[in-house]
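Enquirer: We have chain H; now place chains P, S and Z onto it with these hints.
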Amino acid sequence: MSRHTVRPPFQPKHIADFPCGTCDEAGHLVETLSSWRTSTPEVNLQLCTGCLRCYLLCPEGMIVKKNGKVAIEFDFCKGCGICAHECRSDAIRMIARRE
Amino acid sequence: MSQTVSRPLNASTLDEREFFYGHKACGGCGGSLAVRLALKVLGERTFTAVPAGCMSAVGFVYPQLAFGSNAIISTFPGTASMLSGIAAGARALGIPDFHAVGFAGDGGTADIGIQALSGAIDRHDRIIYICYDNEAYMNTGVQKSGLTPFGARTTTTPAGRRLRGALTQKKNMFEIVAAHGIEYAATASVGYPQDYLNKIDKAKSVSGTSYIHVFAPCPTGWGTGSDVSIELAKDIVDCGLWYLAEFENGEFRLNRDPKQFTPIQNYFNKQGRFKHLLPEDIEQIVKHRDREWARIRKQWIRISPPPAVAGEE
Amino acid sequence: MTANGSRVFVSGNDAVALGVRLARPHVIAAYPITPQTAVVERLAEMVEDGSLRTEYLHVESEHSALSACIGASAVGARTFTATSSQGLLYMVECMHYASGGRFPVVMMNANRSLALPWNIYNDQRDSLSQLDSGWIQVYVEDAQEALDMIIQAFAIAENEKVLTPVMVNLDGFVLTHTYELVEVPTQEAVDRFLPPFKTTNKMSFEAPKNMAFTATPAHYTEFKFQQHQAILDAATVIADVDHSFGEQLGRYYGGLLDAYRVEDAEFVLITLGSVTGTARVVVDQLRAEGRKVGVIKLRYLRPFPVEELRSLTRNAWALGVLEKNISIGYEGTVFTNVRSALSQNGTTQEILNFVAGLGGRDISRGDIAQMFERLSSVATTHPANRVIFVNLGVETA
Amino acid sequence: MIEVRWHGRGGQGAFTAARLLGAAAALFENRHALAFPSFGPERRGAPVLGFTKIDDHKITDRSAVTECDYVVVLDETLMSPKIAVGLRAGGKLIVNAASPAPYRDWAGAGDLLALDATSLALRIIGRPIANTAMLGALIAWTGLVRLESALRGIEEEMPQRLAAKNVEVLRQAFAIAGENS
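Chains as they are written, first to last, in our numbering: chain H, 112 to 210; chain P, 165 to 477; chain S, 15 to 411; chain Z, 2 to 182.
So here's chain H without its partners, still in its complex pose (with noise of 0.2 Å):
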């Protein structure tokens, strides 16, 4: 379950349509960062044991708990590959292309 949401940019019209000084809400993201990625990760559940050493050692926090085991989600995956290569039992792989 994705548990952020990614406003649509921000387009301000008027000066109201600022915040009054540099104050906003925790967490406002209106980009995702998937374009910076050249190779993807992909979970191969057969091998995936649930240990969630990717879940905690993923510097976006984009991979999520999931019936037992995991799914990364791509909005700020950047294939960095630290998942894929940390995993114990290889259940990770980098493949070259972006979701």
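Simulated from the structure, these hints should not be mistaken for laboratory data. One should not assume that every hint holds.
[As the list claims (entries may be wrong)] Short derived list, chain Z residues pointing at chain S, Cβ under 8 Å:
1. G23
2. A27
3. L28
4. L35
5. F37
6. P38
7. D62
8. A98
9. P101
10. R105
11. G109
[Said to hold, decoys possible] What the simulated footprint calls covered on chain S by chain Z, stretch by stretch (three residues with Cβ under 8 Å from a Cβ of chain Z suffice, anywhere in the stretch; the number is not a length):
12. 292-299
13. 320-334
14. 374-384
Here a beta-carbon is modelled for each residue, glycine too, at the ideal position from N, C-alpha and C.
Expert: Using the frame of chain H, we list chains P, S and Z on its own:
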């Protein structure tokens, strides 16, 4: 305390919510992982201060605001002083049960921010100060900081024929902080994530100031692949160039005392910033490492490390 | 030109580092900050490859960078530092200290906007907010002028009639990170132009001194008057240095200011820094259409070119001051300075303040053409509001 | 004035190519040039831009490049229908790709050309650094600067250990592009 029953803290019991994502850190950034894990342990009743540096530059570019809980950028020198102010304000307003946490880089902590940190510890302010150490000023493009290790190439300690990288050793921030008589201080590494989670969890219940110095590799600054940050952060502990320790009730404790260090070479070989080192440089680094460990083993009390979770030997 | 050694294709930051090496500073103490970093990086490389023999201090903050430079200058060493934006503000205490103590430190400042909000891009609010710090301030238009002004800055600062620190400002990214053709003078030519630093305002074993002391109400004012007079007198030294630089190294810059097609101009834009280059292109286009327009580049903001500005604008119908700055709550600082200088002119021409380019917002050729448009309409209609935010992205009514 | 816009990712050397082109024109062809990156922090992997302006007289206008004569894309994964926005009529969109086919109608007002720079770089340098190969293709298809000037630009601007291989990449890219212009 917000957690009524205290279950062991690990990947499955950790708060599933994410409080730091949508940030623009380089892929594989150790610092962003350190921030993400800490904020998950601390939960939503948290005020975070982050100075100028990577985490603010990647986390707060309006209108993309990547901190899911309260967060504010401080001036570069003023992380600890701003945290003291946040804690004092919240106390005065009677806000219960909050955490005031700061994430500053190595330079932000050991150089420009050391004065404010010293003041906060001296006041025993109830704040958690986390230094994510990637061993140079990375946001401005890899310049030497007080925590750049001996021999490391940075853009202000070039490695050429005459000089080969940084000529100074890392400042010993852990013991400098301990010498203040701080309530709780610890060293950690994203290469030992469970140990890092345990120390953040302990810091939550410290009644005074706590300081956690977490080792956080930087692929861009170190000239490594983006997928090896965790491996490197483990290697550095295993080869003895970094240690996992705590300072509490006026006493040092080693959480990990490797019988046999792994060869330093296989830590250096994976990184562009050490490629230029000559055998005599390596020898000097090894000699310094062994002298430090001899001192530590003599002066610090050693206890058996807390139960390690599967997958983390 | 024998005085010029080589032609290189370098960034503004690189050009500054080349100028610093030629000036042979004894001590460099600087702390990295975007967009200045490549200066301290090049200097570190020059120290490593042996082409620059200097004491290079890795200081832990900007406050300590300038404090260290003051210490070095206090024993007679030639010193250099470089910073930007937040870093400049973090050394403000030391800036007043350096000027009050008459320490001729030379500093490069990469013009960058000020937090909050945070922003790493170009505008001029950092240096313009420090006009009262007692430093001589010069603003350059391109990388060549940056290199040359670093060398001239030492000659001006260390002149015993001046003995005042000098800040060389160049626009962050637009100049610091843009690569262009630069002539690099030979070391011999610069050694002939720039004598070694000699001063009695220093401690030494031959003549032991006590420095940076306290002054009671009975004496404090006189020290401040001395400082003030020194910067006013610096105007002649600046002109002489510009002239001898032109003679020996082939490039004249015009001293306190530089005017372009202003002689018969009806509408004149007054500005500073690299945006002058865009204004020159627009002036040429409008002149080709028969419009009498011109642009004045203020090079020095302290000392301020009062006389030159008065004589050059006497016949203009309307003037515009374009600055990447606003003194919050009133008007642009340069606008205030220009209006004060022209107020005794006895002329009644209209003058507008164009506040543009804050936080790195682009100033296009079209924007500048519109400014001239506005000047031609305002010559007759004397508007109430003279402070115009250019390219504000939203409605405000 | 000729304006070139380079597209790449942080760390791929897009700006180095923009700078080499400027150096070649300014240092070896007695012209004037400005070369500047899209300003801002360059995060590894993040899309970045580089710009080169070339003219016969000193370029004083430093305002943003809104239109350009050539767009050079070093990384195929950056291609999108809007890639050639601002490309002037008669301009060229040059992409590092094995074949131009998938991008036929993305060239806006200009024409489309492709060169497989990555495999050329892998063959000669052993790493997928496509910037000098794309520079070679650009100057072959546009004549912006002579091959000789670009080669001297590399020798002048690149550290010795990189120069030799990059000279070879540029030479071969120039030749390959020349055959199917």
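Enquirer: Enumerate the violated hints, using their earlier numbering and listing them in ascending order.
Expert: Checked against the structure, the hints that fail are numbers 8, 9, 10, 11 and 13, while the rest are satisfied.
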